[in-house]
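Chemist: Next come the chains, spelled out residue by residue.
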Amino acid sequence: MKTKSLLAVVSAGALLAALAGCSPDVSAGGGSTDSAGGGDAGSCSNTIVNKDAPQVSVWAWYPNINTVVDMFNKSHDDVQVCWSNAGQGADEYAKFSTAIAAGTGAPDVVMLEAEVVPGFILQDALVDLSEHGADDVKANFSAGAWKDVSSGDSVYAIPVDGGPMAMIYRADIFTKYGITVPTTWDEYAAAAQQLKDAGGPFMGDFGSNVPAWFTALMTQNGQKAWDYESADPQKIGVNLNDAGSKKVADYWQDLVKKGLVDTKDQFNTDYIGGLANGSYATYVSAAWAPGYLTGAGASTEGDGAQWQAAPLPQWDPANPVSVNWGGSTFAVTTQAKDKDLAATVAKELYASDEELQDGVDTQTIFPLNQKMLASDAFADTPVKFFNGQTANKDVYIPAENAYEGYTYSPFTTYYYSELTKSMVSIIDGSKSGSQSLDDLQKTMTDYAKAQGFTVK
Amino acid sequence: MTNPAAVLRAPSRRRNLRRPWIGWLFIAPFGVIFLVFLVAPLVYAFYLSLFSKGLATGTTFSGAGNYVKAFTDPEFLSGIWFVIRFAVILIPIQMAVSLAAALVLDALTTRLSRFARLAIFVPYAIPAVVGTLMWGFLYSPTFGPLTDLFKVVNQSAPEILSSGNIFGGLLNIVVWQWAGYYMIIIYAALRGIDPSIYEAARIDGAGPRQIAFRIKVPMISSAMALILVFALIGTLQFFTEPQVLRPISNGSITSSFTPNIYAFDLAFRFSQFNYASTISFSLGIVVFIAVYIFLFASRKRRGGLS
Numbered sequence: 068m069k070t071k072s073l074l075a076v077v078s079a080g081a082l083l084a085a086l087a088g089c090s091p092d093v094s095a096g097g098g099s100t101d102s103a104g105g106g107d108a109g110s111c112s113n114t115i116v117n118k119d120a121p122q123v124s125v126w127a128w129y130p131n132i133n134t135v136v137d138m139f140n141k142s143h144d145d146v147q148v149c150w151s152n153a154g155q156g157a158d159e160y161a162k163f164s165t166a167i168a169a170g171t172g173a174p175d176v177v178m179l180e181a182e183v184v185p186g187f188i189l190q191d192a193l194v195d196l197s198e199h200g201a202d203d204v205k206a207n208f209s210a211g212a213w214k215d216v217s218s219g220d221s222v223y224a225i226p227v228d229g230g231p232m233a234m235i236y237r238a239d240i241f242t243k244y245g246i247t248v249p250t251t252w253d254e255y256a257a258a259a260q261q262l263k264d265a266g267g268p269f270m271g272d273f274g275s276n277v278p279a280w281f282t283a284l285m286t287q288n289g290q291k292a293w294d295y296e297s298a299d300p301q302k303i304g305v306n307l308n309d310a311g312s313k314k315v316a317d318y319w320q321d322l323v324k325k326g327l328v329d330t331k332d333q334f335n336t337d338y339i340g341g342l343a344n345g346s347y348a349t350y351v352s353a354a355w356a357p358g359y360l361t362g363a364g365a366s367t368e369g370d371g372a373q374w375q376a377a378p379l380p381q382w383d384p385a386n387p388v389s390v391n392w393g394g395s396t397f398a399v400t401t402q403a404k405d406k407d408l409a410a411t412v413a414k415e416l417y418a419s420d421e422e423l424q425d426g427v428d429t430q431t432i433f434p435l436n437q438k439m440l441a442s443d444a445f446a447d448t449p450v451k452f453f454n455g456q457t458a459n460k461d462v463y464i465p466a467e468n469a470y471e472g473y474t475y476s477p478f479t480t481y482y483y484s485e486l487t488k489s490m491v492s493i494i495d496g497s498k499s500g501s502q503s504l505d506d507l508q509k510t511m512t513d514y515a516k517a518q519g520f521t522v523k
Numbered sequence: 054m055t056n057p058a059a060v061l062r063a064p065s066r067r068r069n070l071r072r073p074w075i076g077w078l079f080i081a082p083f084g085v086i087f088l089v090f091l092v093a094p095l096v097y098a099f100y101l102s103l104f105s106k107g108l109a110t111g112t113t114f115s116g117a118g119n120y121v122k123a124f125t126d127p128e129f130l131s132g133i134w135f136v137i138r139f140a141v142i143l144i145p146i147q148m149a150v151s152l153a154a155a156l157v158l159d160a161l162t163t164r165l166s167r168f169a170r171l172a173i174f175v176p177y178a179i180p181a182v183v184g185t186l187m188w189g190f191l192y193s194p195t196f197g198p199l200t201d202l203f204k205v206v207n208q209s210a211p212e213i214l215s216s217g218n219i220f221g222g223l224l225n226i227v228v229w230q231w232a233g234y235y236m237i238i239i240y241a242a243l244r245g246i247d248p249s250i251y252e253a254a255r256i257d258g259a260g261p262r263q264i265a266f267r268i269k270v271p272m273i274s275s276a277m278a279l280i281l282v283f284a285l286i287g288t289l290q291f292f293t294e295p296q297v298l299r300p301i302s303n304g305s306i307t308s309s310f311t312p313n314i315y316a317f318d319l320a321f322r323f324s325q326f327n328y329a330s331t332i333s334f335s336l337g338i339v340v341f342i343a344v345y346i347f348l349f350a351s352r353k354r355r356g357g358l359s
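Residue numbers (this note's numbering), protein chains in the order written: chain A, 68 to 523; chain B, 54 to 359.
Hint data in this document are derived by calculation from the structure and do not stem from the laboratory.
Treat the hints with caution; some may be incorrect.
So the derived label-pair ranges between C-beta atoms look like this [what the hints assert, rightly or not]:
no. : chain 1 : residue 1 : chain 2 : residue 2 : range
1   : B       : L130      : A       : D137      : 49 to 57 Å
2   : A       : D239      : B       : L130      : 45 to 53 Å
3   : A       : A363      : B       : F203      : 25 to 33 Å
4   : B       : M187      : A       : Q301      : 44 to 52 Å
List time: in silico DSS-like cross-link candidates among lysine-lysine, alpha-carbon distance up to 30 Å [to be verified]:
no. : chain 1 : residue 1 : chain 2 : residue 2
5   : A       : K302      : A       : K406
6   : B       : K122      : A       : K523
7   : A       : K214      : A       : K406
8   : A       : K406      : B       : K106
9   : B       : K106      : A       : K291
10  : A       : K498      : A       : K291
11  : A       : K302      : A       : K214
12  : A       : K498      : A       : K516
13  : B       : K106      : A       : K488
14  : A       : K460      : A       : K291
15  : A       : K302      : B       : K122
16  : A       : K498      : B       : K122
17  : B       : K204      : A       : K324
18  : A       : K263      : A       : K324
19  : A       : K162      : A       : K214
20  : A       : K404      : B       : K106
21  : A       : K302      : B       : K106
22  : A       : K498      : A       : K488
Every residue, glycine too, gets a C-beta built ideally from N, C-alpha and C.
Next up, chain A with everything else stripped away, as it sits in the complex (with noise of 0.2 Å):
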């Protein structure tokens, strides 16, 4: 009897012991123990050179940021980038939301699109860099690219990679039918229907998954659809549902319904796969579009495709306006223990020549560091999808240049989710486009006041 309890007593204790003794194993596969600035997001997926100085975590999820960061350790004594990939967009704004929430967990520098960095200032999630040099790089980006990061005087992200937009278009396509390249959205309607009435593929493709597309689009023809600073974050203007927005909501629905365009979901095996063997004539797509394309298996040489880059169709061709799509910033974290330091990577990661160079050389960014915008080198490359066609230099530089930047609101996810809904009633005819966006206005406002902002 009494050898038996204690069996039991020895036994429950041991199995506890082993259940404790799971957790103290957590902290050590870190690999940077001996770390000052490093933070608590884990371990790292690059080497660390220069082990004696300090790190900075950073989450990032460039195809080639592995290279990037092994060239950014080397040359550097003072500090060293501990890198991993958190996933890309949206399940890495998932995790740091998260971290946020819980007040730890969150790398030094975190790579965001544009779209959503004033979402994460109001969360109290990003640090002023105008306080920590920001101003030293300042002069390295255009105005537009600027404006996308900062409100007023505050500067929350440094912008790395660009998406100022363009069309590209199948040559080979355009030649088979007798198409013109068009400058207007009008021309682009009626070559749409030229092409149909000849038997061809769909002129292009209005996606309900593309709503930052659309907002681009939109925002061509004059929408300025949030009022809202970063510094006076309780009010916010709405204003979505402008003549001009309802006039490109309207074409396109036209397009959808005269059979024009396709309909399809984009960034998946069955678009990209449409764009290769040829089922649309254009891409109405940003800078990225060529290194996407290629990464994702459509290239010029396989398919027998021959794309080339023109300036996205305009609606005033005297006035012209550029637009942007995608991009991507590299922020400081409130999370993060040494500011000043992780304020030099955001500033200088994928900042020099050789990181730069190789971000072009692998398609990976469109680089907004005018070191590399603004050289001939990078303007005279010949870019192999586009059958060696200059398209930096015709197409894309000017259109970047001529960007003048756009005021996010602090709920782009909730706004995109909704607009994807508005985009779906254009689709599918249930409400006109202006109708769609009169409700979408109304659902943004209602939204905003829930949120608890003054609705100006």
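Fit chain B to the given chain A structure using the hints.
Modeler: Frame of chain A; chain B shown alone:
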């Protein structure tokens, strides 16, 4: 006689006194995990659900306010309505398929039956995400076989993921994924029936069909009730398949398609952790009510089964 009894009783009383804390030690390993990973998060989520925080405002205590908001929120209610409709259509199909498969397999004794059992079970062994991605390709108008099939009769293939067809598309995936698993549960229950009962039935003149429907099915009704509860809970918490198909759904899967997707998006995309907790708890309430209604109804009918 009284003496030995007293002697016996004395140590047993002592044992009774000792037992409680030894018992606790035994369940401690489980208990700690249970408390840390289940009870504590639940309590914390419930705590969160009682507060509300707008993007532009601070956190304020709102009591049941969030719950009132949730149960009048058209997005949440439309999600609930979807999963209920889905459950009502899915569960009978799933039960019929798995029951039929199990009855056939139980009646067969050839080597083929062992292979068939494995083949029907395999979809369950494939991770849900992988299975869904695979179906996504099969449904694809560009890569899938449907386009070619319909070309034969000069028709264009239906867009299975369009908002009109998505219901059936998901139904097909879920039945494919789970019917094998439920089949195994039913099959195991069938194997547990004493064969002498069949013998008795045969002597009484029952044919194979009568044996199946009058003997086997009633005797495995508790297993059927079990899988029904599993399927009900699983369907009300529908998440993985629509979430995976979302990028190729051409907008037919929205952020409030099912309550779980809504909770996920609220928390991790729209940064509304408090309201997301409320939605999760509200879903929990709905699941609880649904399961209770089912168990209550089945208890009445079958007199205390399950």
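Chemist: Decide if the proposed pair is consistent with the structure: B:K106 and A:K291, CA atoms, cutoff 30 Å inclusive.
Modeler: holds, 28 Å
Chemist: Below or equal to 30 Å on CA atoms is what counts here, so check A:K460 against A:K291.
Modeler: Cα-Cα ~29 Å, so holds.
Chemist: With a cut-off of 30 Å on the C-alpha distance, tell me whether A:K302 and A:K214 pass.
Modeler: holds, 19 Å
Chemist: Assess, step by step, whether the Cα of A:K404 is no farther than 30 Å from the Cα of B:K106, and give holds or violated.
Modeler: holds, 27 Å
Chemist: Should the hint that B:L130 and A:D137 are 49 to 57 Å apart at their CB atoms be regarded as holding?
Modeler: Given about 53 Å between the Cβ atoms, the range holds.
Chemist: Taking 30 Å as the top limit, are the C-alpha atoms of A:K498 and B:K122 close enough?
Modeler: Judged against 30 Å, a Cα distance of about 27 Å means the pair holds.
Chemist: The hint says 25 to 33 Å between A:A363 and B:F203; measuring C-beta to C-beta, is that right?
Modeler: With Cβ atoms ~27 Å apart, the hint holds.
Chemist: Given the hint that A:K498 pairs with A:K291, test it: the Cα-Cα distance must not exceed 30 Å.
Modeler: OK: A:K498 and A:K291 at ~23 Å, within 30 Å.
Chemist: With a cut-off of 30 Å on the C-alpha distance, tell me whether A:K498 and A:K488 pass.
Modeler: holds, 11 Å
Chemist: Next pair to validate is B:K106 with A:K488; report whether the Cα-Cα distance is within 30 Å.
Modeler: holds, 25 Å
Chemist: Checking one constraint from the list: CA of B:K122 to CA of A:K523, max 30 Å. Satisfied?
Modeler: The given pair, whose Cα atoms are some 25 Å apart, holds under the 30 Å limit.
Chemist: Is the hinted pair A:K302 and B:K122 satisfied, with a Cα-Cα distance of at most 30 Å?
Modeler: holds, 24 Å
Comparing the model with each numbered hint stated earlier shows that all of them hold.
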